[in-house]
Amino acid sequence: MIHVGLSEIKCAESPETLKTMGLGSCVGVILFSEKERSAGMAHVMLPDSSLARSDHFPPGKFANTAVPEMVRLLTREHGLSPGSLRAKIAGGAEMFKSYRPLPMGSIGKRNVAAVKKQLEIFHIPIVAEETGADYGRTIEFFTETCSLMIRAIYKGERII
Amino acid sequence: MHNLEELLPAHLDLLKEVGNIGAGHAASALSLLLNKRVELKIPTVKILTLAELLNHDTEKHVATSYIQVEGGLSGHFFMMFEVSLADRLIRELVPGASVLDGGIGKSVFSEISNILCGSYLSALSALLEVSLTQSPPICAIDMEGAILGEGLVELSLSDDSVILMDAVLRNQGSNNQLKGEFLFFPAPESMDVILKLIERKSSL
Chain P
394 MIHVGLSEIK CAESPETLKT MGLGSCVGVI LFSEKERSAG MAHVMLPDSS
444 LARSDHFPPG KFANTAVPEM VRLLTREHGL SPGSLRAKIA GGAEMFKSYR
494 PLPMGSIGKR NVAAVKKQLE IFHIPIVAEE TGADYGRTIE FFTETCSLMI
544 RAIYKGERII
Chain A
36 MHNLEELLPA HLDLLKEVGN IGAGHAASAL SLLLNKRVEL KIPTVKILTL
86 AELLNHDTEK HVATSYIQVE GGLSGHFFMM FEVSLADRLI RELVPGASVL
136 DGGIGKSVFS EISNILCGSY LSALSALLEV SLTQSPPICA IDMEGAILGE
186 GLVELSLSDD SVILMDAVLR NQGSNNQLKG EFLFFPAPES MDVILKLIER
236 KSSL
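For the record, the sequence lines run as chains P and A.
Here the numbering used here = 1-based position in the first sequence + 393.
Here the numbering used here = 1-based position in the second sequence + 35.
Extracted from the complex, chain P is given alone in its bound form (with noise of 0.2 Å):
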């Protein structure tokens, strides 16, 4: 198992598995082949890199950032074909609900959104989704199967 942190790319290829624990607004975005069993994994946690106020960042914080490097390792450095890429991506919640509007809007909305628009610029189809809502993910992808599996307290595990 291969540990994806906060602001991180991972790539795994099979019978690996890559990890993230706790996505509350953070969006995880999965990236990998079916034909050949890799992927990459990203815990993205802001939808931009222009709201960055310093100029040093991980690619993996940003969604506009952290697609096309993740892009760049599957298809440069794993030798993947770019139309062989599929995605899943999961996170993206709200943990506080409050009427008072917070100083950054919906991160988690606003994540999912940055998210799929940098999928559609590089014409990656998203097979799975599970994204919004108000509690926390822990998900983990099995390059074996290219199944992601999804862990909330209220909620138990799923499969997508």
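Among the hints, a few may not be true.
What the hints assert, rightly or not - Below 20 Å or equal to it, Euclidean Cα-Cα: the simulated SDA-like pairs (lysine to any residue) are:
no.: 1; chain 1: P; residue 1: K548; chain 2: A; residue 2: G137
no.: 2; chain 1: P; residue 1: K509; chain 2: A; residue 2: S119
no.: 3; chain 1: P; residue 1: K412; chain 2: A; residue 2: H91
no.: 4; chain 1: P; residue 1: K548; chain 2: A; residue 2: Q169
no.: 5; chain 1: A; residue 1: K141; chain 2: P; residue 2: M497
no.: 6; chain 1: A; residue 1: K141; chain 2: P; residue 2: Y528
no.: 7; chain 1: P; residue 1: K403; chain 2: A; residue 2: E87
no.: 8; chain 1: P; residue 1: K412; chain 2: A; residue 2: E189
no.: 9; chain 1: P; residue 1: K502; chain 2: A; residue 2: L190
no.: 10; chain 1: A; residue 1: K141; chain 2: P; residue 2: K403
no.: 11; chain 1: P; residue 1: K490; chain 2: A; residue 2: Q169
no.: 12; chain 1: P; residue 1: K509; chain 2: P; residue 2: I519
no.: 13; chain 1: A; residue 1: K141; chain 2: P; residue 2: I546
no.: 14; chain 1: A; residue 1: K141; chain 2: A; residue 2: H91
no.: 15; chain 1: A; residue 1: K95; chain 2: P; residue 2: I546
no.: 16; chain 1: A; residue 1: K95; chain 2: P; residue 2: G549
no.: 17; chain 1: A; residue 1: K95; chain 2: P; residue 2: E487
no.: 18; chain 1: P; residue 1: K502; chain 2: A; residue 2: L192
no.: 19; chain 1: A; residue 1: K141; chain 2: A; residue 2: P171
no.: 20; chain 1: P; residue 1: K490; chain 2: A; residue 2: H91
no.: 21; chain 1: P; residue 1: K490; chain 2: A; residue 2: E87
no.: 22; chain 1: P; residue 1: K490; chain 2: A; residue 2: K214
no.: 23; chain 1: A; residue 1: K214; chain 2: A; residue 2: S119
no.: 24; chain 1: A; residue 1: K95; chain 2: P; residue 2: I519
no.: 25; chain 1: P; residue 1: K490; chain 2: A; residue 2: E189
Unchecked claim - Stretches of chain P that chain A covers, calculated by requiring three or more beta carbons in the stretch to come under 8 Å of a beta carbon on chain A:
no.: 26; segment: 411 to 423
no.: 27; segment: 508 to 522
What the hints contain is simulated information worked out from the structure, not anything from laboratory work.
All values derive from a computational prediction rather than experimental measurement.
Ideal placement from N, C-alpha and C gives every residue a C-beta, glycine not left out.
Since the structure of chain P is already known, use the hints to place chain A on it.
For chain A alone, kept in the frame of chain P given last:
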């Protein structure tokens, strides 16, 4: 100061003292509220990356109340209890309530956090001679990592590291143990305010 790496050990000691005074007041407030003796573990101050912070106890099931602090200094305040201990806390005031009931229990938890954060901040406000305001608390009950990850999203824009002023409160009774944590994350731009004021005072 916008670069957390410029903070010296002496600065961290000063912050620790500030945290100690704030948490000390919060502990007395909790003690009065529950009519029980409350013990404060010596608070810590750490600079750590968000990834380090969230890698720890990521999936722990906690009840958290989140308050934004603004005014003379800005920051993010969290009161965090494991769910079973949050229920114990609430039941000291409203027997039978639970933080998961979505009603009275959750309100009680929020109100306690409001009072304790208020005491913490009023001590800071008096010490630093700044006026502070606190937002109404909002509650989330879920995985610790998921909650903090969302609460700290604003701080993450300026830096991948945060300053954590951490305090653990517990009561002394052995069979009805209560334990909770206060996490205060001052915004990096507020460091100047804190350090200048303390330095001025200590040079008097």
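A quick look at each hint next to the structure:
1. K548/P - G137/A: 17 Å, holds
2. K509/P - S119/A: 38 Å, violated
3. K412/P - H91/A: 15 Å, holds
4. K548/P - Q169/A: 33 Å, violated
5. K141/A - M497/P: 24 Å, violated
6. K141/A - Y528/P: 16 Å, holds
7. K403/P - E87/A: With a Cα-Cα distance of about 17 Å, the restraint between K403/P and E87/A holds, given a limit of 20 Å.
8. K412/P - E189/A: Violated, at about 25 Å.
9. K502/P - L190/A: 19 Å, holds
10. K141/A - K403/P: Since the Cα atoms of K141/A and K403/P sit roughly 39 Å apart, the hinted pair is violated (cutoff 20 Å).
11. K490/P - Q169/A: Holds - the C-alpha atoms of Q169/A and K490/P are around 18 Å apart, at most 20 Å.
12. K509/P - I519/P: 8 Å, holds
13. K141/A - I546/P: Between K141/A and I546/P the Cα gap is close to 18 Å, so the pair holds against 20 Å.
14. K141/A - H91/A: Not OK: K141/A and H91/A at ~25 Å, beyond 20 Å, violated.
15. K95/A - I546/P: 10 Å, holds
16. K95/A - G549/P: 15 Å, holds
17. K95/A - E487/P: Distance ~18 Å between K95/A and E487/P Cα, so the pair holds.
18. K502/P - L192/A: 17 Å, holds
19. K141/A - P171/A: 13 Å, holds
20. K490/P - H91/A: Cα-Cα ~24 Å, so violated.
21. K490/P - E87/A: 26 Å, violated
22. K490/P - K214/A: Distance of about 25 Å is beyond 20 Å: violated.
23. K214/A - S119/A: 10 Å, holds
24. K95/A - I519/P: 30 Å, violated
25. K490/P - E189/A: 17 Å, holds
26. 411 to 423: holds (count 6)
27. 508 to 522: As far as the segment 508 to 522 of chain P goes, the hint is violated, because 0 residues have Cβ atoms under 8 Å from chain A.
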